[in-house]
Amino acid sequence: MSSTRIVLAGAQPLFRKEVLRFWKVAFQTVAAPVLTAVMYLLVFGHALTGRVSVYDGVSYVQFLIPGLVMMSVLQNAFANSSSSLIQSKVTGNLVFLLVTPLSPAAWFLAYTGAAIVRGMAVGAGVMLVTAWFAPPGLANALWILVFGFLGAAMMGTLGLIAGLWAEKFDQLAAFQNFIIMPMTFLSGVFYSVHSLPPVWHVASRLNPFFYMIDGFRHGFFGVSDVSPWLSLGVVGGCFVAVSAIALSLLRSGYKLRH
Amino acid sequence: MSAISFQQVEKTYGSGVRALGGVTFDVQPGEFFGLLGPNGAGKTSLISILAGLARATRGKVTVMGHDVVDDYAAARKSLGIVPQELVFDPFFSVRETLRIQSGYFGVRNNDAWIDELLASLGLADKADANMRQLSGGMKRRVLVAQALVHRPPVIVLDEPTAGVDVELRQTLWQFIARLNREGHTVLLTTHYLEEAEALCQRIAMLKLGKVVALQRTSELLASTANTMLRFKTDHALPASLAERARVTGRSAQVSARDPADVEAVLAQLREAGVPVEDLEIGRADLEDVFLSIMTAEHQP
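Chains as they are written, first to last, in the working numbering: chain A, 2 to 259; chain B, -11 to 288.
By construction, these hints were calculated from the structure, which means they are not laboratory data. Just to be clear, a hint being listed does not mean it is correct.
[Unchecked claim] Distance condition first, Cα-Cα at most 30 angstroms in a straight line; then the derived DSS-like pairs of lysine-lysine:
no. : chain 1 : residue 1 : chain 2 : residue 2
1   : B       : LYS65     : B       : LYS220
2   : A       : LYS256    : A       : LYS90
3   : B       : LYS127    : B       : LYS114
4   : B       : LYS65     : B       : LYS127
5   : A       : LYS90     : B       : LYS48
6   : A       : LYS25     : B       : LYS48
7   : B       : LYS220    : B       : LYS198
8   : B       : LYS198    : A       : LYS169
9   : A       : LYS25     : B       : LYS195
10  : B       : LYS127    : A       : LYS90
11  : A       : LYS169    : A       : LYS90
12  : A       : LYS90     : A       : LYS25
13  : A       : LYS256    : B       : LYS195
14  : A       : LYS169    : B       : LYS48
15  : A       : LYS256    : B       : LYS114
16  : B       : LYS198    : B       : LYS48
17  : B       : LYS127    : A       : LYS256
18  : B       : LYS220    : A       : LYS90
19  : A       : LYS256    : B       : LYS48
20  : B       : LYS65     : B       : LYS114
21  : A       : LYS169    : A       : LYS256
22  : A       : LYS256    : B       : LYS65
23  : A       : LYS256    : A       : LYS25
24  : A       : LYS169    : A       : LYS25
25  : B       : LYS48     : B       : LYS195
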């Protein structure tokens, strides 16, 4: 058996377990984030329609929907891998995984893969419910899938890193509240960065989350704040970087094997 | 080829604590081997290194000839570990837990063996119960089943009967003894020395990270004073006996070298006017040997 097939065969049972884990509590892990996104749409859509300028011929609610979908994808992909790891570490049941022959690459594929599935499942749920309010259109489905997948993969990997680093739930909450949440909110989910003052416009360009949202939105409207190819390069590069970090931490047994 | 081999294993944690100071011993295939020692002796560190939960600072550890670092996948496939802590994944049922664990080791379509494990460990009627619904003893049984689900040739039991009732102990030991008869190697750590005495063919004793005894159980039992006087009294023992006696509440134990020494001890009690009850004269057990070895090492 080739080494790739060995890694894939090893990752499969852990991937299935991780998907089953969130699916068993789908009301909490899928339905609740969909409801939260709908609340955002109702409140922000009502409060900001006519106050925020977006693309020509696109209503604010239409503009908001892809942003909310992508925000849900990113946050839930991060939550899946990070919460699974920290729960297993704190309760001690990670030992069942540590004593197995699974390779670091298998761990990586399984945790990231399950995070992608949850992120995409929540994103699809948000899309189905919110599109009913104002269908946002469909310019290029491939961009939607590519950015949805890459964004979920990157955030699932970031969640894996956070889960490895954190030793307590409050450390993970700090990572989520002080890094992930601000970067998500300041990424252009609720506005076009062209409507920002120059300083914040430049600051947004330094935020990789901006490129995920902008590229994803391009798939719906065919227009975006920056070229989707630039967004693809930035998001792809960030994904490669965080993947390298995650694999390196797993190989070294960082905070897993003493 | 040894089932388990520890060669000059040292472990110093980041905090500077030296847990193991050059441990060397082998466990042979098919052996029931006991690893004993007081708290902090290094037993858990040694088992953690064996299982891949910790890394040795120096030395080499192999399982069925596979290095636990360089050839970790083969080493871990050969090993089934029952951890000391009562841990479980609250999302899954007993059967799901065992199927998942089996999958990690690449063993698919394993339901026949899972059913056999469930039946042997008295868990058949709990197969579809969520792990959260099980009692402590039942959870302990699932831990044992998880360790055995991939049919490893080497089984490590890290204090498997800590805090469990007599019934579970009997079920567990009958099952483990059966596996041992079928050829599985068993490494046991326990604080219940009567269990180690009854089950283990050879025993290693660790103290402060070093092996202080490594012998066949029968040789260990014969290596110290082989007669023990046990009695109960409400009075203080005479000074000449107090220093060699082990007293727990009303119970006292005094070791004797030979029948003449037994007579001498009884004479001293009589002369000191110490009335005794429930007097028994028997051979020393593993607990006596253990205490004797641990105490001797304390002396300069």
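Structure-based check of each hint:
no., hint, result
1, LYS65/B / LYS220/B, "51 angstroms, violated"
2, LYS256/A / LYS90/A, "10 angstroms, holds"
3, LYS127/B / LYS114/B, "10 angstroms, holds"
4, LYS65/B / LYS127/B, "23 angstroms, holds"
5, LYS90/A / LYS48/B, "27 angstroms, holds"
6, LYS25/A / LYS48/B, "43 angstroms, violated"
7, LYS220/B / LYS198/B, "36 angstroms, violated"
8, LYS198/B / LYS169/A, "34 angstroms, violated"
9, LYS25/A / LYS195/B, "46 angstroms, violated"
10, LYS127/B / LYS90/A, "18 angstroms, holds"
11, LYS169/A / LYS90/A, "9 angstroms, holds"
12, LYS90/A / LYS25/A, "20 angstroms, holds"
13, LYS256/A / LYS195/B, "27 angstroms, holds"
14, LYS169/A / LYS48/B, "33 angstroms, violated"
15, LYS256/A / LYS114/B, "34 angstroms, violated"
16, LYS198/B / LYS48/B, "15 angstroms, holds"
17, LYS127/B / LYS256/A, "26 angstroms, holds"
18, LYS220/B / LYS90/A, "48 angstroms, violated"
19, LYS256/A / LYS48/B, "22 angstroms, holds"
20, LYS65/B / LYS114/B, "27 angstroms, holds"
21, LYS169/A / LYS256/A, "12 angstroms, holds"
22, LYS256/A / LYS65/B, "23 angstroms, holds"
23, LYS256/A / LYS25/A, "28 angstroms, holds"
24, LYS169/A / LYS25/A, "24 angstroms, holds"
25, LYS48/B / LYS195/B, "20 angstroms, holds"
Violation of the numbered hints given earlier is confined to hints 1, 6, 7, 8, 9, 14, 15, 18; the remaining hints are satisfied by the structure.
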